[in-house]
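Student: In case you want the letters, here they are:
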Amino acid sequence: MNSQNVISTTDLNKSFGTLKVVRDVNFNIKKGEFVSIVGKSGSGKTTLLSLLSGLERPSSGRVTLNGREITESSENELALIRREMVGFIFQSFHLIPTLSAWENVALPLFPVKMTTEQRRERAMELLRQMEMENRSDHLPATLSGGEKQRVAIARALVNSPKVVFADEPTGNLDSATSEAIMDILKHLHVDNGLSLVMVTHDLDLAGSSDRIVRMQDGEVVL
Amino acid sequence: MDIRYMAKELWYRKRRTLTATIGLAVGMAILITMNALSSAYSEAARIPLKEIGADITVQRAGNVPENLAGPVFACSAVTIRKNEVDQIRSLPGVQGFAQALLVWVFDTDRFTIVLGLDPSNPVGPGVLRSQLTDGRFLQKGKNHALVEASYAKTHNIQTGDKVTVAGKTYPVAGIVDASRATKIAVAHIYLPIEEARKMAVASKQVQIVSPFGPEDANILFIKAAPGQIEPLTHSIKNIVGEKASVATPATFLKHLGSLFALSDKFSLITSLIAVVVTLLIVLKTMASNITERTGEIGVLKAMGWSNGNVVSQLAGESIIQCLIGGIFGLIIAIFAASILGFMQVNIPIPWEMSPTPHFLPGGGDPVFKVLRLPIHISWKLAVFAILLSTLIGAVTGGFLSRHIARIKPSEVLRYE
Numbered sequence: 001m002n003s004q005n006v007i008s009t010t011d012l013n014k015s016f017g018t019l020k021v022v023r024d025v026n027f028n029i030k031k032g033e034f035v036s037i038v039g040k041s042g043s044g045k046t047t048l049l050s051l052l053s054g055l056e057r058p059s060s061g062r063v064t065l066n067g068r069e070i071t072e073s074s075e076n077e078l079a080l081i082r083r084e085m086v087g088f089i090f091q092s093f094h095l096i097p098t099l100s101a102w103e104n105v106a107l108p109l110f111p112v113k114m115t116t117e118q119r120r121e122r123a124m125e126l127l128r129q130m131e132m133e134n135r136s137d138h139l140p141a142t143l144s145g146g147e148k149q150r151v152a153i154a155r156a157l158v159n160s161p162k163v164v165f166a167d168e169p170t171g172n173l174d175s176a177t178s179e180a181i182m183d184i185l186k187h188l189h190v191d192n193g194l195s196l197v198m199v200t201h202d203l204d205l206a207g208s209s210d211r212i213v214r215m216q217d218g219e220v221v222l
Numbered sequence: 223m224d225i226r227y228m229a230k231e232l233w234y235r236k237r238r239t240l241t242a243t244i245g246l247a248v249g250m251a252i253l254i255t256m257n258a259l260s261s262a263y264s265e266a267a268r269i270p271l272k273e274i275g276a277d278i279t280v281q282r283a284g285n286v287p288e289n290l291a292g293p294v295f296a297c298s299a300v301t302i303r304k305n306e307v308d309q310i311r312s313l314p315g316v317q318g319f320a321q322a323l324l325v326w327v328f329d330t331d332r333f334t335i336v337l338g339l340d341p342s343n344p345v346g347p348g349v350l351r352s353q354l355t356d357g358r359f360l361q362k363g364k365n366h367a368l369v370e371a372s373y374a375k376t377h378n379i380q381t382g383d384k385v386t387v388a389g390k391t392y393p394v395a396g397i398v399d400a401s402r403a404t405k406i407a408v409a410h411i412y413l414p415i416e417e418a419r420k421m422a423v424a425s426k427q428v429q430i431v432s433p434f435g436p437e438d439a440n441i442l443f444i445k446a447a448p449g450q451i452e453p454l455t456h457s458i459k460n461i462v463g464e465k466a467s468v469a470t471p472a473t474f475l476k477h478l479g480s481l482f483a484l485s486d487k488f489s490l491i492t493s494l495i496a497v498v499v500t501l502l503i504v505l506k507t508m509a510s511n512i513t514e515r516t517g518e519i520g521v522l523k524a525m526g527w528s529n530g531n532v533v534s535q536l537a538g539e540s541i542i543q544c545l546i547g548g549i550f551g552l553i554i555a556i557f558a559a560s561i562l563g564f565m566q567v568n569i570p571i572p573w574e575m576s577p578t579p580h581f582l583p584g585g586g587d588p589v590f591k592v593l594r595l596p597i598h599i600s601w602k603l604a605v606f607a608i609l610l611s612t613l614i615g616a617v618t619g620g621f622l623s624r625h626i627a628r629i630k631p632s633e634v635l636r637y638e
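These protein sequences, in sequence, are chains A and B. Note that my numbering numbers the first sequence so that position 182 is 182, with each residue one more than the last. To convert, take the position in the second sequence, counting from 1, and add 222; that gives my numbering.
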């Protein structure tokens with residue numbers, strides 16, 4: 001694998017029973033690259049994201065993440081890889097409803113040996129970047145959709161990941177908020193050199209990325 | 223385990239937390255109270271013997287006196303031979319031992335119950351020393367008598383007076399209030415055992431029915447080593463024979479009858495039901511909690527939480543929840559026990575231990591030891607209940623969270 005690549009796949013396949021959801025996917029994502037995976041519903045783009053991020057194991061083929069082959073890793077090793085290398089942004093934000101904004105941001109740091117104060121400081125630093133500092137003690141229920149997604153972005157960045165995976169990050173937001181969230185992601189990519197893999201069905205949003213990977217019936221098409 | 227996350231989960235999901243906590247608290251309160259109640263009855267049954275410093279009393283049933291004249295033995299307490307006394311005294315597990323002699327004296331002008339005792343022995347009727355209301359207690363080698371307070375009042379006897387029993391006169395050394403003591407071995411007049419023996423040996427009526435030697439006795443008081451009451455009872459019955467009347471706390475429990483049997487059996491069944499129901503409530507609450515949070519657990523795993531991290535978090539929540547429930551249960555049980563402590567228990571004294579002849583007026587009336595239910599929650603029971611609560615939390619939380627922790631982190635994307 002080229003050391004310039006943050007993700008590399010070789011003959012990646014995933015089947016659920018007899019249904020082949022991802023077929024022979026071979027592609028690389030460079031460090032600092034912003035890649036959008038687009039395709040119709042059921043095309044296999046979310047499954048591909050799961051495979052690339054170590055959430056799911058392939059039926060065959062290999063995935064290399066930041067130089068490390070993850071296909072054969074154990075459950076605990078995969079948990080460690082996700083903790084150290086990967087950040088996630090979900091369409092439905094998936095914030096823990098009983099925790100405040102800063103506690104949600106700090107949640108990935110729980111398995112890391114840090115004091116509560118260190119966790120809070122790190123979470124606050126990211127909430128500041130997201131201009132959410134004044135909402136740090138609020139519960140998710142009291143935040144707007146855009147605010148929730150900004151908290152979720154801060155959470156994705158809290159462990160300084162090598163790559164962030166975003167699954168339809170603006171899917172639950174109105175267009176103005178979507179634009180604001182995309183601006184944040186672009187800013188993180190451009191200014192901080194963050195590697196970003198975004199799954200979307202919105203070609204306009206995909207247009208902001210460096211490269212678009214199209215999925216159709218489980219295959220990457222050009 | 224993230225304590226902040228755990229505390230917030232329990233606080234913000236109040237309904238679920240309260241359901242599990244209250245369910246467990248009620249279950250533990252029932253378990254603790256029923257066990258304390260059962261122990262209280264057992265303790266109450268121990269009191270009549272405990273008050274006389276013994277765990278076992280031994281008598282032997284015999285024939286009724288042929289003629290009620292002079293000193294006679296009650297048919298429930300005839301001679302126990304010296305060799306039998308010695309054998310019993312040397313049995314393993316005997317920690318304290320006293321012998322006494324109960325004699326009914328039918329003088330021409332009055333009936334007197336006489337108890338001969340060893341004044342220097344803290345076991346048995348020697349404990350009456352603490353019930354002395356006037357004068358001094360009996361002394362070894364001195365042929366003085368003690369008079370029971372109500373008998374003294376009826377017959378206008380005071381310390382320093384003289385009483386005549388079976389033709390022999392004794393100076394009254396003191397007055398004892400036996401009504402405040404146990405109902406066992408209550409007499410009108412207490413004499414040193416040697417004097418009572420002389421009286422029995424010289425009695426034709428005694429010798430006809432139950433030959434009596436100068437070192438024999440007719441009531442034995444035994445203090446048993448812990449856990450030795452039952453084996454000692456068995457051995458004593460072997461020595462004294464089938465007419466032996468061996469009273470232990472179990473005898474009083476038997477006389478407490480259905481109330482104790484009910485509380486004893488009921489406490490076991492209720493405790494078991496309480497634990498099972500509690501376990502089911504906690505299991506049900508925890509299961510719905512975990513099902514509700516499947517997506518959340520997927521998120522945690524996606525963020526790098528290991529299965530162990532998830533299990534410790536969820537099991538920790540369950541343990542804390544159950545621990546709080548257990549503590550509340552203990553508080554409820556302490557409150558319930560303090561109310562039950564006002565309950566009065568009448569412990570029937572077996573007729574054979576009642577010193578009053580049944581053919582005399584009032585002699586056949588049932589005799590009771592009346593006391594307040596000695597209910598208390600022992601620290602062992604409290605610790606057991608708290609540990610059991612914690613264990614229920616650990617088992618249910620551990621079992622369910624281990625199951626849910628195995629979900630694939632990619633499940634989270636299905637909740638989109």
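Honestly, the hints are just simulated from the structure, not real lab data. Among the hints, a few may not be true.
Claimed, not checked - With a straight-line cut-off of 27 Å between C-alpha atoms, the simulated DSSO-like cross-links for lysine-lysine are:
id	chain 1	residue 1	chain 2	residue 2
1	B	K230	A	K113
2	B	K506	B	K230
3	A	K113	A	K40
4	B	K375	B	K362
5	A	K162	B	K630
6	B	K304	B	K459
7	B	K476	B	K459
8	B	K362	B	K476
9	A	K113	B	K304
10	B	K476	B	K304
11	B	K591	B	K420
12	B	K272	B	K506
13	A	K20	B	K630
14	B	K362	B	K304
15	A	K40	B	K420
Stated by the list, open to error - Okay, the calculated beta carbon distance ranges per label pair:
id	chain 1	residue 1	chain 2	residue 2	range
16	B	E514	A	E121	25 to 35 Å
17	B	T513	A	A141	55 to 65 Å
18	B	Q566	A	T115	58 to 68 Å
19	A	N192	B	I553	52 to 62 Å
20	B	A229	A	G193	51 to 61 Å
21	A	T115	B	K272	52 to 62 Å
Said to hold, decoys possible - Here are some, though not all, of the chain B residues that point toward chain A, as calculated from beta-carbon distances under 10 Å:
id	residue
22	D224
23	I225
24	Y227
25	K375
26	A509
27	V521
28	K523
29	M525
30	W527
31	S528
32	G530
33	Q535
34	R624
35	H625
36	I626
37	P631
Predicted, not measured: the structure shown is a model, and the values here were computed from it. Glycine included, every Cβ here is placed at the ideal spot set by N, Cα and C.
Student: Any CB of chain A closer than 10 Å to the CB of I225(B)?
Tutor: With a minimum Cβ separation of about 9 Å from chain A (threshold 10 Å), the hint on I225(B) holds.
Student: Have a go at the I626(B) hint: is there a Cβ in chain A nearer than 10 Å to its own Cβ?
Tutor: Nearest chain A Cβ about 14 Å off; hint violated.
Student: Using the nearest Cβ pair, does R624(B) come within less than 10 Å of chain A?
Tutor: violated (13 Å)
Student: Would the stated hint for M525(B) survive a check requiring a Cβ distance to chain A of less than 10 Å?
Tutor: holds (4 Å)
Student: Take a quick look at whether K20(A) and K630(B) sit within 27 Å of each other, Cα to Cα.
Tutor: holds (19 Å)
Student: Given the proposed pairing of K113(A) with K40(A), does the C-alpha separation stay at or below 27 Å?
Tutor: violated (42 Å)
Student: Would you mind confirming whether the straight-line C-alpha gap from K506(B) to K230(B) stays at or under 27 Å?
Tutor: holds (20 Å)
Student: Does K523(B) meet its interface restraint, that is, does its C-beta lie within less than 10 Å of any C-beta in chain A?
Tutor: Since chain A brings a Cβ to about 7 Å from K523(B), closer than 10 Å, the hint holds.
Student: Taking the closest Cβ pair, is W527(B) under 10 Å from chain A?
Tutor: Given a least distance of 6 Å, the restraint on W527(B) holds.
Student: Is the hinted pair K113(A) and K304(B) satisfied, with a Cα-Cα distance of at most 27 Å?
Tutor: Between K113(A) and K304(B) the Cα gap is close to 79 Å, so the pair fails against 27 Å, i.e. violated.
Student: Given S528(B) was flagged as interface, is its beta-carbon under 10 Å from a beta-carbon of chain A?
Tutor: holds (4 Å)
Student: Does the hinted range 51 to 61 Å hold for A229(B) and G193(A) at CB?
Tutor: With a Cβ separation near 39 Å, A229(B) and G193(A) fall outside 51 to 61 Å, so the hint is violated.
Taken one by one, the earlier hints fail for this structure at numbers 3, 8, 9, 10, 11, 12, 15, 17, 20, 25, 26, 34, 35 and 36, listed in ascending order.
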